[in-house]
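Going down the list, the protein sequences come from chains A and B.
Position 187 (the first sequence) corresponds to 187 in UniProt numbering; numbering is contiguous.
Position 27 (the second sequence) corresponds to 27 in UniProt numbering; numbering is contiguous.
Derived by calculation from the structure, the hints in this document are not laboratory data.
Treat the hints with care, as some may be off.
Computed cross-link-like contacts, EDC-like style, restricted to lysine to aspartate or glutamate with a CA-CA straight-line distance of at most 20 angstroms [to be verified]: (1) B:Lys22 x A:Glu188; (2) B:Lys15 x A:Glu345; (3) B:Lys15 x A:Glu146; (4) A:Lys191 x B:Glu61; (5) B:Lys16 x A:Glu185; (6) B:Lys15 x A:Asp309; (7) B:Lys16 x A:Glu141; (8) A:Lys334 x B:Asp157; (9) A:Lys190 x B:Glu155; (10) B:Lys100 x B:Asp150; (11) A:Lys209 x B:Glu19; (12) B:Lys16 x A:Glu155; (13) B:Lys16 x A:Glu146; (14) B:Lys78 x B:Glu155.
In this text, all values refer to a predicted model and were calculated from it rather than measured experimentally.
Each chain, letter by letter, is given below.
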Amino acid sequence: MTVYTKGVVFDGVDFDDPDCWKLDRYVKRGGYAALRKIIEGSISQDSVIAEVKLSALRGRGGAGFPTGLKWSFMPRQFPGQKYLVCNTDEGEPGTFKDKDIIELNPHALIEGMIIAGYAMGISVGYNYIHGEIFQDYRRFEAALQEARDAGLLGENILGSGFSFQLYAHHGYGAYICGEETALLESLEGKKGQPRFKPPFPASFGLYGKPTTINNTETFASVPFIIREGGQKFLELGKPNNGGTKLFSISGHVSRPGNYEVPMGMPFAELLALAGGMRDGGKLKAVIPGGSSAPVLPAQIMMDVTMDYDSISKAGSMLGSGAVIVMDESVCMVKALRRLSYFYYEESCGQCTPCREGTGWLYRIVDRIERGEGSLGDLDLLESLGKNIAGRTICALGDAAVMPVQGMLKHFRDEFLFHIENKRCLVH
Amino acid sequence: MLTADSLFQIDLELKKYPESQKRSAVMSALRIAQSELGWLSQDTIKFVAGYLGLMPMAVYEVATFYNMYDLAPRGKYKLTVCTNLPCALSGGEDALDYLKRKLSISIGEVTADGRFSLHEGECMGACGYAPVVLVNNHSMCRNMTPQAIDSMLAEFD
Ligand SMILES: Cc1cc2nc3c(=O)[nH]c(=O)nc-3n(C[C@H](O)[C@H](O)[C@H](O)COP(=O)(O)O)c2cc1C
Ligand code: FES
Numbered sequence: 001m002t003v004y005t006k007g008v009v010f011d012g013v014d015f016d017d018p019d020c021w022k023l024d025r026y027v028k029r030g031g032y033a034a035l036r037k038i039i040e041g042s043i044s045q046d047s048v049i050a051e052v053k054l055s056a057l058r059g060r061g062g063a064g065f066p067t068g069l070k071w072s073f074m075p076r077q078f079p080g081q082k083y084l085v086c087n088t089d090e091g092e093p094g095t096f097k098d099k100d101i102i103e104l105n106p107h108a109l110i111e112g113m114i115i116a117g118y119a120m121g122i123s124v125g126y127n128y129i130h131g132e133i134f135q136d137y138r139r140f141e142a143a144l145q146e147a148r149d150a151g152l153l154g155e156n157i158l159g160s161g162f163s164f165q166l167y168a169h170h171g172y173g174a175y176i177c178g179e180e181t182a183l184l185e186s187l188e189g190k191k192g193q194p195r196f197k198p199p200f201p202a203s204f205g206l207y208g209k210p211t212t213i214n215n216t217e218t219f220a221s222v223p224f225i226i227r228e229g230g231q232k233f234l235e236l237g238k239p240n241n242g243g244t245k246l247f248s249i250s251g252h253v254s255r256p257g258n259y260e261v262p263m264g265m266p267f268a269e270l271l272a273l274a275g276g277m278r279d280g281g282k283l284k285a286v287i288p289g290g291s292s293a294p295v296l297p298a299q300i301m302m303d304v305t306m307d308y309d310s311i312s313k314a315g316s317m318l319g320s321g322a323v324i325v326m327d328e329s330v331c332m333v334k335a336l337r338r339l340s341y342f343y344y345e346e347s348c349g350q351c352t353p354c355r356e357g358t359g360w361l362y363r364i365v366d367r368i369e370r371g372e373g374s375l376g377d378l379d380l381l382e383s384l385g386k387n388i389a390g391r392t393i394c395a396l397g398d399a400a401v402m403p404v405q406g407m408l409k410h411f412r413d414e415f416l417f418h419i420e421n422k423r424c425l426v427h
Numbered sequence: 001m002l003t004a005d006s007l008f009q010i011d012l013e014l015k016k017y018p019e020s021q022k023r024s025a026v027m028s029a030l031r032i033a034q035s036e037l038g039w040l041s042q043d044t045i046k047f048v049a050g051y052l053g054l055m056p057m058a059v060y061e062v063a064t065f066y067n068m069y070d071l072a073p074r075g076k077y078k079l080t081v082c083t084n085l086p087c088a089l090s091g092g093e094d095a096l097d098y099l100k101r102k103l104s105i106s107i108g109e110v111t112a113d114g115r116f117s118l119h120e121g122e123c124m125g126a127c128g129y130a131p132v133v134l135v136n137n138h139s140m141c142r143n144m145t146p147q148a149i150d151s152m153l154a155e156f157d
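The shape of chain A in the complex, shown without the other chains (with noise of 0.2 angstroms):
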């Protein structure tokens, strides 16, 4: 289920249209637009930057690193081939929004990296499809073909002069890889084993040329602020969380999917719009961004603002804006113990912090699911978090530790008994 209540990324689609993807389609509720109004009007690319930049447009990723302020970082008189990397590699349990962009508006992520080539002076761009979505990577390739057919994509576009290559490429199975220096080097054919940063992308990238690297929402948010300027994208959201979000919405609700709204929705709005409570299930806790945000539970939930701020302020993050929600039939040991064994299962061997720490994490929540853990085990689990969190070549170990310690923080009783009565508290 695909809903918008305003739409950005979604602006005008027609879910019920089964060629909704289609350029004919995209064209008639206004899209190229904003592609042709650079190259009619000679926009130079440092107004498309500023543009980007009024908009307050921060990255969807996970990070919400602001887009402007990246795209700056590019340098514009680089002598050689730079590159454009688009981020579809979306792995993270709970997120499922970038495959319906791909898949119901695929050309909104065209056009959006166009503009950003142009913004930047790059000539190739490539988007990194998850390995599990073949049906929407084809997708993705046909709407290409169209655009190319159609004289948006290649070379001299519209007659403007600017050319502009863009090529999918399909990932197969590795959660690491949407992490963006992994992604590069599975790009040129490799491991997915994150770099060491610096040098960051913008200098050393693909194919050590300077490269900037943006998720799927990001590139498709950008047709809008260009044709309807910056200002007003930032006052569909709130004051530095400009904008609409895709929030994908799983677990106990009657109604599942992914829902395009302000930014800074109240989050009860936000589970009225999904149908509230499956069969009347009472809501126990939420993980508000995708699985590496620590969970929080309902009472403070219901408080909070879908928004980078608000949700940050209540001690999580709005990551990728997975809302994962859980009803009171859930035991939180068991939920750990498997977001634990994922991270443990994805990790990719490099750092020895991270490879052998989400082992220890996830057999420790597993023994205490299995009622065979001690009360040291929860002191053990805190200081695991301290030595793998930091100390890691990337941030997948982060990702690790932090539900462990929402849970543990939120959630403590609950493992207290599983270890003192050996059963659950839950079932």
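Place chain B with the ligands on chain A using the hints.
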């Protein structure tokens, strides 16, 4: 070793990358080879390496790093069920259990007639459509209730 059609598809992939960066096509070349042959044997890996002008080890490294490459024969229909938390909240584990009972195999096993193998997967980026079952790596089936699983199985030859 691979049909002309598979080689043609690999050549199309090669066109996406700079002339000097053939290695970038290794992931798609392995995918195309696996789609044709069902799994990746040592010989297939060596063939792909030769075709792209790479060391066999460089290709083997990639084949073992990514989860969706199969380094051993699997069922004619490879069924992967996501059991990560968001899916588990909406029946992911039940779908896996149902398939286990229905096919009388456990995770990682192939049915005696070689038709099905069952695998547990991580998040496929489709959590809103749980339970999800991925067939032969490329075809995603959504909302797989027991009835939906029954009709899916009935459609396979
Ligand atoms: C372990 C890990 C997984 C990540 N997965 C994704 C992902 O699936 N999609 C994504 O866009 N960013 C992901 N990121 C963030 C990227 O590294 C990067 O910050 C992002 O793509 C930048 O785009 P943005 O500025 O538009 O958000 C991940 C980061 C880490 C550490
Ligand atoms: S958790 Fe199963 S597809 Fe995301």
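Comparing the hints with the structure gives:
For a cut-off of 20 angstroms, the pair hint linking B:Lys22 to A:Glu188 stands: about 9 angstroms separates their Cα positions. Restraint check: the Cα-Cα separation between B:Lys15 and A:Glu345 comes to about 34 angstroms, which exceeds 20 angstroms; the hinted pair is violated. This hinted pair checks out: B:Lys15 and A:Glu146 have alpha carbons roughly 18 angstroms apart, not beyond 20 angstroms. Distance hint between A:Lys191 and B:Glu61 is fulfilled; the C-alpha atoms sit about 7 angstroms from each other, no more than 20 angstroms.
Note on B:Lys16 and A:Glu185: the hinted pairing holds, with a Cα-Cα distance of about 16 angstroms set against a maximum of 20 angstroms. For a cut-off of 20 angstroms, the pair hint linking B:Lys15 to A:Asp309 is broken: about 44 angstroms separates their Cα positions. Restraint check: the Cα-Cα separation between B:Lys16 and A:Glu141 comes to about 12 angstroms, which is no more than 20 angstroms; the hinted pair holds. Restraint check for A:Lys334 and B:Asp157: the C-alpha separation of about 38 angstroms exceeds 20 angstroms, so the hint is violated.
As the CA atoms of A:Lys190 and B:Glu155 are separated by approximately 38 angstroms, the hinted pair breaks the 20 angstroms bound. Taking the CA atoms of B:Lys100 and B:Asp150, the gap is near 13 angstroms; set against the 20 angstroms cutoff, the hint holds. Our distance criterion of 20 angstroms between C-alpha atoms is met by A:Lys209 and B:Glu19, whose separation comes to about 16 angstroms. For the hint pairing B:Lys16 with A:Glu155, the CA-to-CA distance comes to about 15 angstroms; that is within 20 angstroms, so the pair holds.
Between the alpha carbons of B:Lys16 and A:Glu146 the distance comes to roughly 17 angstroms, so the proposed pair stays at or under 20 angstroms and holds. Straight-line distance between C-alpha atoms of B:Lys78 and B:Glu155 comes to about 14 angstroms, which keeps the hinted pair within the 20 angstroms bound.
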